[in-house]
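Trainee: One-letter residues, chain by chain:
There are 2 protein chains.
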Amino acid sequence: MIRDERLSWKEVRDQIRAGILNRTYAPGDKLPRDADIAETLGCARSTVQRAMRDLSDAGLVERKRKGGTHVRTDPVTRATLDIPITRREVEKRGGVYGYQLIDQSLGVIPHEVARKFEQTETTEMMRVQALHLADHKPHIFEDRWICTDTVPEILNVDLSRESANEWLVRNKPYTRFDLRFYAISADAEIAECLKIERGSPLLVIERTTWIGTAAITLVKAYTAPGYEILTSN
Amino acid sequence: MIRDERLSWKEVRDQIRAGILNRTYAPGDKLPRDADIAETLGCARSTVQRAMRDLSDAGLVERKRKGGTHVRTDPVTRATLDIPITRREVEKRGGVYGYQLIDQSLGVIPHEVARKFEQTETTEMMRVQALHLADHKPHIFEDRWICTDTVPEILNVDLSRESANEWLVRNKPYTRFDLRFYAISADAEIAECLKIERGSPLLVIERTTWIGTAAITLVKAYTAPGYEILTSN
DNA sequence: AAGTGGTCTAGACCACTGG
DNA sequence: CAGTGGTCTAGACCACTTA
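If you read the sequences in order, they're chains F and E.
Residue -4 is where the first sequence starts when you use the numbering used here, and the numbers rise one by one after that.
Residue -4 is where the second sequence starts when you use the numbering used here, and the numbers rise one by one after that.
Everything hinted at is true.
Copies of the same chain look alike in the list, so a pair counts if it fits in one copy or across any two.
Straight-line distance between alpha carbons at most 16 Å, and here's what the computed EDC-like set of lysine to aspartate or glutamate pairs gives:
| no. | residue 1 | residue 2 |
| --- | --- | --- |
| 1 | K167 | D69 |
| 2 | K87 | D69 |
| 3 | K215 | E201 |
| 4 | K111 | E223 |
| 5 | K132 | E187 |
| 6 | K132 | E84 |
| 7 | K111 | E201 |
| 8 | K215 | D182 |
| 9 | K59 | D24 |
Derived from the structure by calculation, the hints contain no laboratory data.
Working from the sequences, and respecting the hints, build out all of it.
Mentor: Have a look at this one:
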């Protein structure tokens, strides 16, 4: 007789997942209770729990107290995205990073921006427009609003040397953020900055960050043509 | 004296995170060992572990055996994306979903497609072009290649009734996928399908899926103007 | 070689929620 | 209100990695 070895939670997870993939448990089906699975497989319940949490995080099953664990009927593709600071992104690809401040000013925020910040009484903020370069070519044009009430220190930062992107990320950690991606066609201003033709299709990455409920910044990053966002799974 | 209650792992996590946000632990700093934190806070080491895993998943700290736990120097914005099947996406917003098969054929895959599949000997696949509608208006035009070697059953599915999107997701779970987003401008064919002007900027969602190492499908989803991808964090 | 995080166990209690 | 998942503990051993 071969003595059973202890099961790792990944092995448990893979067994359960296999059962789902091969239709032993079809979408909508209820899986046995953790305790029963543990007994069947001969491991501790917490090991099953660990495996289940992984499957749940991956969106394969849905767990409810008292309700039990069910195979999700409506699978979603769940991906994790890492958006690094632009410098890192360029350097990681072996490129040469460059940065240019284009304009910096104080001004009243447009309604559209105020809406993105949700609840903010602040009406005047700092606007920063800057260009990130990769291998000396325009890479990303960013148009940013920074809440000077939340981040008064920004007034004393020399943004011609260091990008707001980096300064903020290093000095003002956020607790919440909002991300959206969409496509636009380049208007005259953006086209000029990125040195492309008007009307070129661009991917825009828009990010708003808060610390607690206080708005920090809203940035629209207009990426140069050819830019792609990738996930690795 | 008030007797200390047991700490939950979320409370532990929040305390550690607070220490990072308020610079008690600056970027690059090493945090105490789990065991020490546990003793300091008066909880079990596994509770600290749970908290740390959360911070690590969020990208705030980096953990290494023997090396200890360090606050990450270059924070990344880490977001989780859920991409549901198109029907759900439309219905969740309260819209009416519709679907039209445009074309279905067998053909030799272009080199560009073969490259995306990485290693595949298959050269002939099924191509499916279809339109997803939201409130009777074009919403997403999808151009898909399906590997008939991996998914021979697809040959017997009536794709004019059910979208390949849904059939695959229900019947052919994948084990790995690749996602990318980028912007293009609509060519004549896409413009006609989506009933928009040529040259309109479009967000494209491209997804390749595999089961094991066997290719399943590659789909390019051309979204109608105004489409946005959102993350919720 | 030794230090630190990762995992497993067995058991207890809690918290949510569906029947 | 009872069943099920979620969490906590204390302790042991493992596995990776760096000093």
